[in-house]
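Participant: One letter stands for each residue in the lines below.
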Amino acid sequence: SQQGEEDPQALSIQEGENATMNCSYKTSINNLQWYRQNSGRGLVHLILIRSNEREKHSGRLRVTLDTSKKSSSLLITASRAADTASYFCATGIIQGAQKLVFGQGTRLTINP
Amino acid sequence: ETGVTQSPTHLIKTRGQQVTLRCSSQSGHNTVSWYQQALGQGPQFIFQYYREEENGRGNFPPRFSGLQFPNYSSELNVNALELDDSALYLCASSSGLGELFFGEGSRLTVL
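If you read the protein sequences in the order shown, they are chains A and B. Each residue of the first sequence is one higher than the one before, counting from 1 in the numbering used here. Each residue of the second sequence is one higher than the one before, counting from 1 in the numbering used here.
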């Protein structure tokens, strides 16, 4: 079952604009991670934010986490055509193993 | 380039057959996880291996099984294939710090 739900499911913007994707989840988490996937290929880790952190930056990426609302957002600033991909949030849960529970993803298209 | 390699990249099987997918983890990583990603969906956790033992399993039937070898490489076996098993199977290795490193996946089509 999918714990995370991304919003929007699809987003199309012009190159240079900022892209914001949101993620909501249902249960307590150890961490929340964002991954990127170019069509049909493997996932690439973008950023991890721990449950006791509220904001994290990595290059053009900014992630926020609100554990009281069980939500997170990913902001990509100054978007580029190469940012076109699907973006997934994944909640890290430790139940014996550390497993990631993924949402269904946001399909981001950057128009030149 | 994550250093995680999977084989084969594509394969076609028929219902009832068995399949074995292979994964070589990134150097230094002792934990391997397998995920199934159906078309248009997010990946779903199948199971995880740590030091050759399964230490966590998702909601998948017993016909999905796995192995981890002393060099930390891994196999996913699926018996009695069903049409719904058609998916991208992703292997990910980690060192236990949270971040997963994924391979490019094996795309299985069941006819």
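Worth flagging that the hints you see were computed from the coordinates, not collected in a lab. Hints should not be assumed to be uniformly reliable.
Taking CB as the label site, the calculated pair distances span [as the list claims (entries may be wrong)]:
| # | chain 1 | residue 1 | chain 2 | residue 2 | range |
| --- | --- | --- | --- | --- | --- |
| 1 | A | ASN22 | B | THR14 | 27 to 33 Å |
| 2 | A | VAL44 | B | LEU67 | 24 to 30 Å |
| 3 | B | ARG51 | A | GLY59 | 40 to 46 Å |
| 4 | B | LEU11 | A | ASP7 | 30 to 36 Å |
| 5 | A | ARG80 | B | SER7 | 29 to 35 Å |
| 6 | B | PHE60 | A | LYS26 | 19 to 25 Å |
| 7 | A | PRO8 | B | ASN59 | 36 to 42 Å |
| 8 | B | THR20 | A | GLY59 | 26 to 32 Å |
| 9 | B | LEU67 | A | ARG41 | 22 to 28 Å |
| 10 | A | HIS57 | B | THR20 | 39 to 45 Å |
| 11 | B | ILE12 | A | GLU53 | 41 to 47 Å |
Residues from chain A shown here face chain B by an in silico Cβ test under 8 Å; the list is partial [stated by the list, open to error]:
| # | residue |
| --- | --- |
| 12 | ARG41 |
| 13 | GLN104 |
| 14 | PRO112 |
Ideal Cβ positions, reconstructed from N, Cα and C, are used throughout, including at glycine.
Participant: Please write out, lowest number first, the hints stated earlier that are contradicted by the structure.
Facilitator: When the structure is compared with the hints, numbers 1, 3, 7, 8 and 14 turn out to be violated.
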